[in-house]
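Let chain A serve as the given structure and place chain B on it in line with the hints.
Spelled out from the first residue to the last, the chains are:
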Amino acid sequence: MKTWFFTEDAYPYLPDPKTYESIRVNLPNRNYDPKKGAELYSLYLDLWCYAEELGMEIMLNEHHQTATCVIPAGPVMLGALARLTRKSRLLILGNPIANRNQPVRVAEEMAMVDLLSNGRLECGFVRGVPYESSAANITAFRGTERLWEAHDLIVKAWTTHDGPFNFEGRWHHHRQVNIWPRPLQQPHPPVWVTVGSAASTIRVSKEKYVGAVFLAGYGGIRRIFDGYRDNYLKAHGTPAPLDRLAYCALVYVGDNPQLAREGADKLLWYMTSNKVPPQFQNPPGYHPPAVSSKIIKGAGDVMMPATPTLDKQMAAGNVFAGTPDQVFAQIKAFWEYSGGFGHLLMMGQAGFLTREETMRSMELFAREVYPRLKELNAGYDEGRMQELRKSLPDVAQVPMAGIGLDFVR
Amino acid sequence: MSETNATKMKLQGIDLEVRRKGRGPAMLVLHGGNGPITGYPFADKLAEHFQLIEPVHPGFAGSNIPEHFDNLEDLVYLYLDLMDALDLKDAIVMGNSLGGWTAAEIAVRNSQRIGRLILVDSVGIKAGDRDSRDRADIFALPVAELTRLTWHDPARAPNPSKMSEEEEVQILASNRVALSMYGWDPYLHNPKLRYRLHRIKAPTLFIWGESDGLVTPAYGRAFSAMVAGSTLEVIPKAGHAPHLEQPDAFVQKVLAFAKQTGAKA
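Quick note, the sequences are listed as chains A and B, same order.
To convert a position in the first sequence, counted from 1, into my numbering, add 24.
To convert a position in the second sequence, counted from 1, into my numbering, add 4.
Take these hints with a grain of salt, some might be off.
[Unchecked claim] In silico DSSO-like cross-links for lysine-lysine, where the CA-CA straight-line distance does not exceed 27 angstroms:
#1 A/Lys26 x A/Lys111
#2 A/Lys321 x B/Lys166
#3 B/Lys166 x A/Lys299
#4 A/Lys230 x A/Lys180
#5 B/Lys263 x B/Lys241
#6 A/Lys336 x A/Lys299
[Claimed, not checked] Which residues of chain B face chain A? A few of them, derived with a C-beta cut under 10 angstroms, are:
#7 Leu145
#8 Pro146
#9 Val147
#10 Leu150
#11 Glu172
#12 Ser178
#13 Ala182
#14 Leu183
#15 Trp188
#16 Tyr191
[As the list claims (entries may be wrong)] Residues on chain A that point at chain B, a partial pick, calculated with CB under 8 angstroms:
#17 Asn161
#18 Pro302
#19 Gly309
Hints are computed from structural coordinates only; laboratory data are not their basis.
Every residue gets a Cβ at the ideal spot worked out from N, C-alpha and C, and that includes glycine.
For reference, chain A alone in the conformation it holds in the complex (with noise of 0.2 angstroms):
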């Protein structure tokens, strides 16, 4: 199993939530001291580095106009860590491209950081979340039609070498494309796509794509992952290769249970710190009606959990939290239940969590569970798990308006 290391760049010095109504969009950057921004940024590369000291991959993302992510352009990032680094695999989770309005330049960027890096990008597509629509001024009204669409400009663009081409798509129109540089890896970066859903894995897994599905836990996985290896022997008539699926959970590694709680207490900062008003949660067209009634009537949990606890996060299978022993029999369970997966986003620093604190749990996993899970992924059979999966019976299924919404494109 590879693991790729993630924080999301927060920004935590914030007032006291009830002097704010929102975290995301309009929190005014009075808010933001650039000093402390700066250092952060500084903590965040040394936090990848040090992951690629330790053998793991890289793994970043791109939201606006909040303090949970203070990414808003995540190729700027990436090409600092193709300089900064020199082994590892950078994967982007993900270009934005629904609210993106050149995908041309994605191309371009993602070719750039690809040469920067010496091929070693991996290049996700994301929807994005409904908070990002305000921040972009695109409507989420067919947001995964325009995703699509913007991958294909994109794809042709990498792959088309002999002269510009013509591209008059619904949201797109180029008439001359023909992108310098182009990417190092061919035919082009591997890509990858976050799913929330069975029907969400029907392009990805007929393009062979990574689909990598951000905290659906126990109550979700099923569903998603059973959908993609269906759609994936339905297109291809071969198993999907465990290296086809990925799943994102945060990560906390302690040198005894008490530290590992305090942690993993810390990294949960994500969840907790994320106040949204329900105009931002619900931008007209992203959600489904059942869903977007259920915001309009006062729901506060649809995005995340009103009050997340570790304790429920852990029993949910959204955060694998303890020392070595216990994070590995974690996510072998999960890894187990949900038919397996190839790759491990391991949100790994949230919040306040300190270098020291983020550095020491990296070092415990990289040292003392990493290599367990590559043995666990080596000795995949695919027949073997699938009797393994028959035997472990389903938990209550989460209906969509739970925690996994927040990544469902």
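Just chain B, lined up with the frame of chain A:
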């Protein structure tokens, strides 16, 4: 109360719901972002004088958004087709909010079937400079603020948390999606409209709720100033929907305008 007769008309491959009420000269009613309006008391009063014809904009009241629809222009051409199909002549076209914008867009394209135009708290133009938010950003406002800006008496606002029918709330949600499809960007206006408004030849009345905070009476005055010969009537103690908050005053303004301009009312 007059009876509403709803029929489906096939136009552009769309099953368009058209609601009719009352007898008399035709009045095409184009509703705003909250959905059809001919079910409200003001419409019963108007139905004593006119045949109200209210198409339900695709996407509203539980209908589907047609695959080829991207923005308001699609609605405008659907209704140009509708007016032809109904063979309307000398019709009064009345629209509120989004519907007012639609009516203006229809009128600048083809005024031949339009006798008079009534725009009620209508969006559609950019009135101020680029930095001014002359139409409230309804998709970014908390519900309480939206309610305060929309209504003179906020107690009139529908309260989704008290709606017992799930379907009712889902229709609210779908209406919002449709509204955004018609008016997300450019936001609830067409930058070109102001250069086309001179093409409106029909007598035009603007009606505005004095307390409208979504598009204020000042916006209404700016809009009215762009339509030569138009008049603006401001109704006190009414917000964005004067036809709902002050039905009597509203109907009186409409009837006076229809009479003054020679409608057979």
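> Under the criterion that the straight-line Cα-Cα distance not exceed 27 angstroms, is the pair lysine 263 of chain B, lysine 241 of chain B satisfied?
Replying inline: holds (25 angstroms)
> Should the interface hint for leucine 150 of chain B be scored as holding, given a Cβ-Cβ cut-off of 10 angstroms against chain A?
Replying inline: holds (8 angstroms)
> Does the nearest C-beta of chain A fall within a distance shorter than 10 angstroms of the C-beta of tryptophan 188 of chain B?
Replying inline: Result: holds, 4 angstroms to nearest chain A Cβ.
> Holds or violated: is the Cβ of tyrosine 191 of chain B closer than 10 angstroms to a Cβ in chain A?
Replying inline: Tyrosine 191 of chain B check passes; min Cβ-Cβ to chain A is 9 angstroms, inside 10 angstroms.
>> Interface hint check: alanine 182 of chain B, Cβ to nearest Cβ on chain A, cutoff 10 angstroms. Holds or violated?
In response: holds (8 angstroms)
>> Using the nearest Cβ pair, does asparagine 161 of chain A come within less than 8 angstroms of chain B?
In response: holds (6 angstroms)
>> Does proline 146 of chain B hold up as a contact with chain A if the rule is Cβ-Cβ below 10 angstroms?
In response: Holds. Min distance 6 angstroms.
> Would the stated hint for valine 147 of chain B survive a check requiring a Cβ distance to chain A of less than 10 angstroms?
Replying inline: Holds. Min distance 7 angstroms.
> Given glycine 309 of chain A was flagged as interface, is its beta-carbon under 8 angstroms from a beta-carbon of chain B?
Replying inline: At 5 angstroms from the nearest chain B Cβ, glycine 309 of chain A passes the 8 angstroms test, so the hint holds.
>> Quick check on the hint: proline 302 of chain A CB to chain B CB, less than 8 angstroms?
In response: This hint holds: proline 302 of chain A lies near chain B, its Cβ roughly 7 angstroms from the closest one there, short of 8 angstroms.
>> Next pair to validate is lysine 166 of chain B with lysine 299 of chain A; report whether the Cα-Cα distance is within 27 angstroms.
In response: Distance of about 24 angstroms is within 27 angstroms: holds.
>> Next pair to validate is lysine 26 of chain A with lysine 111 of chain A; report whether the Cα-Cα distance is within 27 angstroms.
In response: Status holds; Cα separation ~14 angstroms.
Every hint from the earlier list agrees with this structure, and none is contradicted.
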